[in-house]
Every structure is written in C-alpha cells, then in structure tokens.
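Got chain A; can you put chain B on it based on the hints?
There are 2 protein chains.
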Amino acid sequence: MSSSLLKEPREIDEIVYRFLEISDFEKGFSECLQQLTEAKFTKSQFIDRYSELKKQPDTYFIVVAEDLKKKKIIACGTLFVEKKFIRNCGTCGHIEDIVVDKTYRGKNLGLRIIEQLTHIGKKLGCYKLILDCSDSNVKFYEKCLFEKKGVQMSLYLPMSKL
Amino acid sequence: MSSSLLKEPREIDEIVYRFLEISDFEKGFSECLQQLTEAKFTKSQFIDRYSELKKQPDTYFIVVAEDLKKKKIIACGTLFVEKKFIRNCGTCGHIEDIVVDKTYRGKNLGLRIIEQLTHIGKKLGCYKLILDCSDSNVKFYEKCLFEKKGVQMSLYLPMSKL
Numbered sequence: 001m002s003s004s005l006l007k008e009p010r011e012i013d014e015i016v017y018r019f020l021e022i023s024d025f026e027k028g029f030s031e032c033l034q035q036l037t038e039a040k041f042t043k044s045q046f047i048d049r050y051s052e053l054k055k056q057p058d059t060y061f062i063v064v065a066e067d068l069k070k071k072k073i074i075a076c077g078t079l080f081v082e083k084k085f086i087r088n089c090g091t092c093g094h095i096e097d098i099v100v101d102k103t104y105r106g107k108n109l110g111l112r113i114i115e116q117l118t119h120i121g122k123k124l125g126c127y128k129l130i131l132d133c134s135d136s137n138v139k140f141y142e143k144c145l146f147e148k149k150g151v152q153m154s155l156y157l158p159m160s161k162l
Numbered sequence: 001m002s003s004s005l006l007k008e009p010r011e012i013d014e015i016v017y018r019f020l021e022i023s024d025f026e027k028g029f030s031e032c033l034q035q036l037t038e039a040k041f042t043k044s045q046f047i048d049r050y051s052e053l054k055k056q057p058d059t060y061f062i063v064v065a066e067d068l069k070k071k072k073i074i075a076c077g078t079l080f081v082e083k084k085f086i087r088n089c090g091t092c093g094h095i096e097d098i099v100v101d102k103t104y105r106g107k108n109l110g111l112r113i114i115e116q117l118t119h120i121g122k123k124l125g126c127y128k129l130i131l132d133c134s135d136s137n138v139k140f141y142e143k144c145l146f147e148k149k150g151v152q153m154s155l156y157l158p159m160s161k162l
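For the record, the sequence lines run as chains A and B.
Numbering-wise, the first sequence is residues 1 to 162 according to UniProt numbering.
Numbering-wise, the second sequence is residues 1 to 162 according to UniProt numbering.
Bound conformation, chain A alone:
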C-alpha cells in the first residue's frame, strides 16, 4: 500500500491519516475497533492477520487516524477491493468497519477517513464504492456524497471451519 495513494493533507491538528502499521497494536487499534463491535485479539493474532492482509496488497486498504500527541489510534476504516467480471472486468470498493473513538466524535474524523478511502478507490480505478449502514447513519454518508441504493441483508452463521 503506497502512501502516495493517500489524499493530502494527511496531517491536520496533530492527527495523521495513514495506512495501518504493525505497531498500531500498541497504539490501541483493537480498543478503537471495540467501539464498533467485538474486536478483541492478541498481539499474535493481530500480527498473523496483518501479515495475511499484506499478502493481498491490492485488496485491503486500512486507513487509521492517529493522535500524534497521545500515540493513539482514534479512528479507522477499511476499503476492501473486489475484482469483478461485470463492468468490463471492473473493480468495486467495499467500505467496511468505520469507527471513530467516542471522545473524538464531532470533529469530522469519520468524514476524513471516508474521504481517504474514497480517494484511494478513485486512484485504484474502482467504478463504484459501496457500504452498508444503519438508518441512523444515512445522513452522515450522504454528507460523504453516498446515495441510498438498496437493502443490506445478512445471515449469521454457526462457525464451522474446515
């Protein structure tokens, strides 16, 4: 993941926007994600998953915001890039797992993360970006220039690994 994919300015008010790094485990990446949903993992699990994602560098783009003074991850979001056959063998970017630390809300950090992911998607040549959200977040994403498209449906599975 080249940092040239990121949108300037990457540093505002002592907050830097950059790609996830392996040292972010110590900077509270897990604690940030836990404000979205269950996201506890050990350092070893983090390193294994991080290494797996690194092997698919054109698929996973995880942007974090760090408070440089506190050396703390205060927001993050993922662009997960799908290679399709439709749309002239086009690519579609899926925006996933957007979260802003609760003590930093109201400062447009979520908007900045989405701007970064959108910028990356454009640079990669994605023909569209999609995301799923709750009704209560529709207005936020409209501010990020997204439009309502359809219905998200889900099926929770018993985990039965091979």
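Calculated from the structure, these hints are not laboratory results.
Please read all numbers here as calculations on a predicted model, not as lab measurements.
The list cannot tell twin chains apart, which means a pair is met if one copy fits it or any two copies do.
With a straight-line cut-off of 30 Å between C-alpha atoms, the simulated DSBU-like cross-links for lysine-lysine are: (1) K54 - K102; (2) K7 - K107; (3) K72 - K83; (4) K71 - K102; (5) K122 - K149; (6) K128 - K27; (7) K83 - K70; (8) K69 - K143; (9) K123 - K55; (10) K54 - K122; (11) K148 - K102; (12) K128 - K83.
Below, chain B alone, put in the same frame as chain A:
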C-alpha cells in the same frame, strides 16, 4: 477452490452446480452476467481476470450452474471473502452478482446458487454472510434465510486508474 466445498447434490435435472472454469467463456458466462448488468469482455480479458482471482483462492468463490445438455451457463453467483480484525479476526462472506438466465427463472436456480454459496461460507468458517439487493428481491433472500439488516449506499466514481 476444492469442489469438496460444494453442497451435494451438485447435479439435478441435468443441471450441474460447480466452480467457474476457464472453459466457461465459451459456455456463455458473459451472456449470463449481461442479464444482470454491463458485462462484456473479451476472451483475453476473461482469462486475465480468471487468473488474477485464482491467485486469491481463499477470497473468490464463483459458483455457476450449467445446463449439461446445452453446455450453457444458466446461473451464477460469487462469494467474496473478507478477512477482518473484528469478531476475533473473523471472516465475512459477501454475496455478489447473483443472476439466473431469464429462460430458466422460476426453477429455483437462484435459491440453489445461494445455498451453495452459504454452504461454502459455513465451511470456510465465516461468521456472517451479507448481500445487497433491491426492495423487490428482499422476499427472495428471506426465502434463503437472510434478514434485513441495514441500508446499502453507493458512490459511483469516475474511473481514474493510477
């Protein structure tokens, strides 16, 4: 993609359910997808994309239904598997690009494709499967055991590859 991931029976009424193969270009894979959206591509583009997806064998699972008499692809669907940090570094399956040839509708082929993709997702240990659809398709996916979860939002981009 091991065919052992597929759900039995894979062959019913001279229709076989299996993973996409490189010979499916000649069997009308593009023509099938075109009934969903713009999906024209040359044989060379198909082979290039197919080869790219093969390099990510734990990410892309494309199931097709073939009419064995006609040697024709009559339905297809994709499971696109995302490795996350949340949910104990869990995996989420995205169901994409489901289409059934219009002359074969009403025969439960769409249901069979979703059953195959769900079965694969279970075998892979996905904690959930998600998909986006129009309001008019909600009832179909409810029959496939999916539930309404949220709102899908999209942003169409000008394609500006690096």
